[in-house]
Amino acid sequence: MSHTFVRRALLSLFAGVLLPGAARAAQPGFDDDVAFLRQRLEVVVLGSAEGPRVAVVPAWQGRVVTSTVGGPEAPSYGWINRELAASGKLLPHMNAFGGEDRFWLGPEGGQFSIFFKQGDPFDLPHWQTPALIDSEAWAVAERTPLQVAFRCDSHLVNYSGTRFDFRIERTVRLLERDAAAKSLGAALPAGLRVVAFESQNVLVNTGKAAWTKSGGMLSIWILGMFQPTPATTVVIPYRQGPDAELGAVVNDAYFGKVPADRLLAKDGLIYFKGDGERRGKIGLSPKRAKGLAASYDAARGVLTFVRYDQPGGAADYVNSMWELQKEPFRGDVVNSYNDGPPAPGQKPLGPFYELETSSPAAALAPGASLSHVHRTFHVQGDRAELDALAKQLLGVTLQAIAGSLR
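Going by the working numbering, 38 is the number at position 38 of the sequence shown; the sequence numbering is gapless.
Fair warning: there could be bad hints in the mix.
[As the list claims (entries may be wrong)] The calculated EDC-like cross-link candidates involving lysine to aspartate or glutamate, where the alpha carbons are at most 16 Å apart (straight line), are: (1) Lys391 x Asp267; (2) Lys287 x Glu323; (3) Lys213 x Asp316.
The set of hints was computed from the structure by calculation and includes no laboratory data. Remember, it's a predicted structure, so these values are computed and weren't measured experimentally.
Construct the complete structure from the given sequences, taking the supplied hints into account.
In structure tokens:
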């Protein structure tokens, strides 16, 4: 019997039998997370007791902090930085409070960046997340049992000196089961528990000048931060075809090339480790992306999907690479980030892993608007039905996902 076979068998055993209980014991449930947050902040909970619920924090830009499928255990799916939240302090560069769906704006790097000042080098000491999308509270504009809306007027100046005046309109909505199945594009049998929610995000140009390629454009950028485990694998379908026509399958150059044992592109699927142990980021261009990203946490038996708006045609996407760019509007539409120490001996931001989506670049005339919808689905339950769902939407079994990077 080979060492590889034994290793895979042990991993399968731990993932399928031992880790779920251990993971539940180590990670707080939804009710505990909400109680912790409410000691410090206003929390808007969408949904009813015992059923699927979503927790939204207005002070953190209306982000979905965590969610649950409900039930007696009510697991919590979002990653929350309890140490930072409890400290009451704000950090330089970025406040990684956590959250499954948080609103950002792009681009992050390049000559049209809104995270770097003009003339500064593109490095971590000079990187600064705008307070608008990091530490400023957003007021609730409207609330019902299943949705909460926010509205925010602000402005930013990019690396090239272009000023953007804009309004953000954001609505977070809990999807009921039938709507969730329709949005996911797959039936949800009774043996599966699910929580599904969406954020509808609108960016309005309230200034007097049009946003153009010459001065730079903004984009809507939604990021979901999730709890990493050694048994978590990100899975992103990609459109197959020659590089000469579609470009590279995956961009893994954001924070240094991702090692081969942590990233695999094969048969129309990209596999990427979501273990929170090594910093790295990948992205897919609009020519390669297929409107879907996913992850599988074999430790807890959780299958997560993200669906998003992706218009057809040759839309421009902002480039967030940390460099002066030759092609600032050939960016990625889907990204995944795995946190880890930025350098030997340094602390990670989390750790966590992320699933991210972006809108096209906002070429907006005064008064015009751009919308981007980002939907998140967490599914748990009967193993056979969960496996069938993975095969239907991803074309691969849970066992194949769990073993792809082992």
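Evaluated hints:
1. For the hint linking Lys391 to Asp267, the alpha-carbon distance of about 14 Å falls within 16 Å, and the restraint holds.
2. Simply put, Lys287 and Glu323 have alpha-carbon atoms about 22 Å apart, too far for the 16 Å limit, and the pair is violated.
3. At roughly 10 Å between alpha-carbon atoms, Lys213 and Asp316 fall within 16 Å of each other, so this suggested pair holds.
Hint compliance for this structure: hint 2 is the single one not met.
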